[in-house]
Each structure stands twice: as structure tokens, then as C-alpha cells.
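Asks: Residues per chain, in single letters:
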Amino acid sequence: MAPRDKRLSSTPLEVLFFLNGWYYATYFLLELLIFLYKGLLLPYPTANLVLDVVMLLLYLGIEVIRLFFGTKGNLCQRKMPLGISVALTFPSAMMASYYLLLQTYVLRLEAIMNSILLFFCGSELLLEMLTLATFSSMDRI
Amino acid sequence: MGRISGLVPSRFLTLLAHLVVVITLFWSRESNIQACLPLKFTPEEYEKQDNQLVAALCLTLGLFAVELAGFLSGVSMFNSTQSLLSIAAHCSASVALSFFVFERWECTTYWYIFTFCSAFPAVTETALFIAVFGLKKKPF
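Same order as they appear, the protein sequences are chains A and B. As numbered in UniProt numbering, residues 1 to 141 make up the first sequence, in order. As numbered in UniProt numbering, residues 1 to 140 make up the second sequence, in order.
Source of the hints: derived by calculation from the structure; they are not laboratory data. Here the structure is a predicted model, which is why all the values come from computation and not from measurement. For each residue, glycine too, the CB sits at the ideal point set by N, CA and C. It cannot be assumed that every hint is accurate.
[Stated by the list, open to error] Below, a list of computed lysine-lysine pairs in the DSSO-like style, where the Cα atoms sit at most 30 Å apart:
#1 B:Lys137 - A:Lys6
#2 A:Lys6 - B:Lys40
#3 A:Lys6 - A:Lys79
#4 A:Lys6 - A:Lys72
#5 B:Lys136 - A:Lys6
[As the list claims (entries may be wrong)] Which chain B residues stay away from chain A? Per the calculated CB distances, all over 10 Å, these:
#6 Ala35
#7 Thr124
#8 Phe129
[What the hints assert, rightly or not] Here are the in silico distance ranges between beta carbons for each label pair:
#9 A:Tyr105 - B:Ala119: 31 to 41 Å
#10 A:Ala47 - B:Leu37: 41 to 51 Å
#11 B:Val123 - A:Asn48: 22 to 32 Å
#12 A:Ile65 - B:Val123: 33 to 43 Å
#13 B:Phe26 - A:Pro91: 28 to 38 Å
#14 B:Arg104 - A:Leu125: 39 to 49 Å
#15 A:Thr11 - B:Glu47: 46 to 56 Å
So that you can see chain A by itself, here it is in the shape it has in the complex (with noise of 0.2 Å):
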């Protein structure tokens, strides 16, 4: 663990979680909205439906999972959690392409919303990246 008087916390990272977490939340309901209009308006065979509804669920679960352990080790200066989220990126970022392309009707506004979660994707590990090497540089002092 790092010294405690040195405060290593990014907080463009923190800033990012943060508004990720409640554009996550906007988008969920909005997905939920969205299957919804297509179920209802579009010949959506059941299966397919109960898929996407069934993944997006999932993608909840990763989403919360790694928006805290984020939020948990960036803040309290832990490479584990820090790590278990940079790992969760990936899945989050899959699960992001999927309703962006494989999914069976992509709307132009769930093209438009998956791609800025992919963005935040992109940023977040980024900059997960440089506070996981900050951190453990100050580990080896």
C-alpha cells in the first residue's frame, strides 16, 4: 500500500467514474425503453429478444461491479480492485460492441449511445492504466 500522506487518487479518473455511472444508469433505462418500442413495433422473434434482454441484465451486473471496485481503488490507493476493474473493462467493452453491431435491430440512437460508452471505455482504461503504474511506482520507493 502507499504511504498515506501522498495522495495518489487520479481525479480525471474519478470524474469519469462518476458520470459513467450515471450515464450507465440513463442508458440502462433507456435499453429497457428501446426493447420495449421494438418488441412492440418490429418482428422481434422471442428468443432474440429475450437474449438481448437477458445481456443487457448482465451487463448491468459487470457495469456495477467495475464502476466500484474502480471507484474503491482509486480512492483508497489499492492496485486489486483498481486491477478487477481494468479487467472488467473488457468484458464492458464486448458487451458495448454487441448492442453497437451484433445485436438483432440497431437503432441510430443506440448506435450513437453504445459508441460514447465505448469512449468512456476507452478513457477510463487509459487513464486506469496510468494511476495502476502511478501507484505501483510509489510501492517500490
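Please arrange chain B on chain A, whose structure you already have, making use of the hints.
Replies: The following block gives chain B in isolation, referenced to the frame of chain A:
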């Protein structure tokens, strides 16, 4: 900070809502352009209006960059006046632009939405930038 903390996420979300509608307009601008042309129009006329609307949309994206930079860099993140102004402007912009898309408003109305809902908060944001970085003041 406790009392205004709700302003920060709501400002961010309204900004993103406006951004999403503007990007959607890039895809679906044909019907709006046809709405402000006469019944029979030449490709040149269409091209002219199209260029104007695309220029307006690109300008909007630039102003978004200004405002998001001010927000994320912390210049105006905890400034409640600017936050309220920005929330009001971008919220009305997203509502107006959804009408713009759904009701196929004339493309010239975009300039009004642009002036009041996009340029105005960006101007105050620039003023804050100047106050913070130029005059070294904290206008909270």
C-alpha cells in the same frame, strides 16, 4: 457542494442528450432540407441548403467541445449558475430538436435553436474560461 451535486450529473446528461440528437440529425437531415425548399427544386438549391445545415451542425459540435471542455476541466463543473443555464438551454434544445426531426421543421429554424440553446451557453462558458484562466478569478 452537497446541495448542488445533483446539478453536475444532470448537466452532463442534458448535454449528452443534446449531443445525441445533433448526431442523429446528421443522418436524417434530408426531410428538413426538403421542407425549406419549394416543391420543385434543383440539385444546386438542395446542395446549398444542405451545406448550410451541415455547417450549422458542425458549429454546434464545436460549441459542444467548448462546453464539455469547460465542464470536464472543472472550470464550470461546480458553478451552479452556469450549470442551471446550461441545463435549461440544452434541455430545451433537445426537446426542440426532437420536434425538428419528427415534425420536419424548416431547416432555417435550426439557426434559432442554435443561437439560443447552443451558442448562448457556450458564450457564457467562454466568459468563465476567460475569468478563470485569464483573470485568475473564481466566479462561484
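Asks: Against this structure, judge whether each hint is valid.
Replies: To see whether the hints hold, each was checked on the structure:
no.: 1; hint: B:Lys137 - A:Lys6; result: holds (28 Å)
no.: 2; hint: A:Lys6 - B:Lys40; result: violated (71 Å)
no.: 3; hint: A:Lys6 - A:Lys79; result: holds (15 Å)
no.: 4; hint: A:Lys6 - A:Lys72; result: holds (17 Å)
no.: 5; hint: B:Lys136 - A:Lys6; result: holds (27 Å)
no.: 6; hint: Ala35; result: holds (20 Å)
no.: 7; hint: Thr124; result: holds (21 Å)
no.: 8; hint: Phe129; result: holds (18 Å)
no.: 9; hint: A:Tyr105 - B:Ala119: 31 to 41 Å; result: holds (36 Å)
no.: 10; hint: A:Ala47 - B:Leu37: 41 to 51 Å; result: holds (46 Å)
no.: 11; hint: B:Val123 - A:Asn48: 22 to 32 Å; result: violated (48 Å)
no.: 12; hint: A:Ile65 - B:Val123: 33 to 43 Å; result: holds (42 Å)
no.: 13; hint: B:Phe26 - A:Pro91: 28 to 38 Å; result: holds (31 Å)
no.: 14; hint: B:Arg104 - A:Leu125: 39 to 49 Å; result: holds (41 Å)
no.: 15; hint: A:Thr11 - B:Glu47: 46 to 56 Å; result: holds (47 Å)
Of the numbered hints listed earlier, those contradicted by the structure are 2, 11.
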